[in-house]
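Here's the letter readout for the chains.
2 protein chains.
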Amino acid sequence: MKRSVFYVSDRTGITAEMLGQSLITQFESVHFDRHTLPFLETLEQVQKAIATINKAGIKDGRRPIVFSTLINEELRLEIRKADALVLDFFEIFISPLEAELGAPSSHAVGKSHGTGDINTYTERINAINFSMSHDDGVSSKGLAEADIILVGVSRSGKTPTSLYLALQFGIKAANYPLIPEDLDKQKLPEALGAYRKKLWGLSIRPERLHQIRSERRPNSSYASLANCRHEIQAAEAMMRAHGIPFLESTNMSIEELSTTILHQTGLARHLY
Amino acid sequence: MKRSVFYVSDRTGITAEMLGQSLITQFESVHFDRHTLPFLETLEQVQKAIATINKAGIKDGRRPIVFSTLINEELRLEIRKADALVLDFFEIFISPLEAELGAPSSHAVGKSHGTGDINTYTERINAINFSMSHDDGVSSKGLAEADIILVGVSRSGKTPTSLYLALQFGIKAANYPLIPEDLDKQKLPEALGAYRKKLWGLSIRPERLHQIRSERRPNSSYASLANCRHEIQAAEAMMRAHGIPFLESTNMSIEELSTTILHQTGLARHLY
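If you read the sequences in order, they're chains A and B.
Count along the first sequence starting at 1, add 459, and that's the number in this note's numbering.
Count along the second sequence starting at 1, add 459, and that's the number in this note's numbering.
Calculated directly from the structure, the hints in this document are not laboratory data.
If you're wondering where the values come from, they're calculated on a predicted model, not measured in any experiment.
You may find that some hints are simply not true.
If chains are identical, the list can't say which one is meant, so a pair holds when it fits in one copy or spans any two.
[Unchecked claim] Here are the simulated SDA-like cross-link-like pairs (lysine to any residue), alpha carbons at most 25 Å apart as the crow flies: (1) Lys644 - Val489; (2) Lys646 - Leu684; (3) Lys540 - Gly520; (4) Lys644 - Tyr681; (5) Lys540 - Ile553; (6) Lys600 - Tyr654; (7) Lys540 - Ile551; (8) Lys657 - Phe498; (9) Lys518 - Leu726; (10) Lys600 - Asn588; (11) Lys518 - Gln480; (12) Lys461 - Gly561; (13) Lys461 - Ser554; (14) Lys540 - Phe552; (15) Lys646 - Glu533.
Sequences and hints are given; from them, build the entire structure.
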């Protein structure tokens, strides 16, 4: 069964996408054909969107599903004319919130995912720059400023996790590799000695690491299963010996790794 | 007026946060005290969360607002016992979707923001690695693989935008600086010559650029307002002359820049 899904928004479309994704992934038997229609700011643009939606419905032989985060009332009334199941996010939630808060909503577009407060925004950009300039141990200067320092063997997931922590949550996340020389000596990299409490480890299953490394350097000793096994065993032994908590990243997404680390360390999330 | 807000989830909490953020930012007169309670997987954990929520309500003298994306029915029935306005995301949306699709939802936890399909996931990681290794023109090898190449003067927002495109949407986004030498000659960097159609420019207002650069190198000629004015004028002239579309990033968030670029280029978003 195929269904067309439209994420409809007056701004970026990111909220509509996330809302819709978390719902449609609950229906595994359905094949969804997903489209994002962002930046719909005028009646004419919404009418054009409706034409696109209706056309997809005719082609599918089934009406599409529309997740809308439109805020403007005129546009919201218009989108409901589509021959589709229209789930109007603001209609559903804003009324109970207005009643509860005893205040009208501003009905202003672009409040989330905007630049908002300039200081908050600068903090976020600074966190991103920090994580970029402290990726893979390139600089150990300024590690004192880090909120967290991820450690692990090459390709254990440190870089994507650090970047996500910075971008999504404004966390200054550095990462530092555990290289064979450190592992053989079972000694933490010298630069990290002063920051034991900020360290958080990532581990991974040897078979998966072997697969990832083989894509980069096929048939190398670096990528061999035996070497992956050896490195991971040594890294986990070292993290245990130094009391560094670690996660096994194999079956965890970037989002799951990042939020688990925040949850377990108690670091506060900034929201943008 | 102060209100406590809780984002409650059985997994990462990211959907609950985004849902709630986009709604509460519509109430500018209210000060919200926000908390995320992720990874609530047992009845006991939900009861502990309820205790926290109720305590905040007593302290505030007003009942809190709870945005819940819990999926398990037992946990959802439990969270509603909190002395709070509980907005149960799945209750609200899953029923109309089940009716529309004529299929039951799987009620399975962790469907969004999980690792999902391994190939899709690998694509995302590859996009992140690509953007990291093609940041700030560090490597012009492999630019042929880029989905897009952002260009602009130093500190115009290229790096955060490239990373967001990669992390959120799986886009291979490189970025390349326009440096004074190029600007003076009004010549595009040589490495970019073959990829004219992939180029997208970022510009920024001189006053804002001056402010950003001054934080990094106070009182430098690099950061001076006169130099910022000169560089931006030259960069915009060059982009116009070469037919490179560009955005003015000053009042745009990373999310707005990224989605505007996708929208205007027609590049497809991958959703994770």
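Here's how the hints hold up against the structure:
no. : hint            : result
1   : Lys644 - Val489 : neither (53 Å within a copy, 56 Å between copies)
2   : Lys646 - Leu684 : within (23 Å within a copy, 49 Å between copies)
3   : Lys540 - Gly520 : within (18 Å within a copy, 43 Å between copies)
4   : Lys644 - Tyr681 : within (18 Å within a copy, 45 Å between copies)
5   : Lys540 - Ile553 : both (20 Å within a copy, 22 Å between copies)
6   : Lys600 - Tyr654 : within (12 Å within a copy, 36 Å between copies)
7   : Lys540 - Ile551 : both (17 Å within a copy, 21 Å between copies)
8   : Lys657 - Phe498 : between (41 Å within a copy, 22 Å between copies)
9   : Lys518 - Leu726 : between (49 Å within a copy, 23 Å between copies)
10  : Lys600 - Asn588 : both (14 Å within a copy, 23 Å between copies)
11  : Lys518 - Gln480 : within (22 Å within a copy, 36 Å between copies)
12  : Lys461 - Gly561 : between (43 Å within a copy, 12 Å between copies)
13  : Lys461 - Ser554 : between (33 Å within a copy, 19 Å between copies)
14  : Lys540 - Phe552 : both (20 Å within a copy, 19 Å between copies)
15  : Lys646 - Glu533 : neither (65 Å within a copy, 48 Å between copies)
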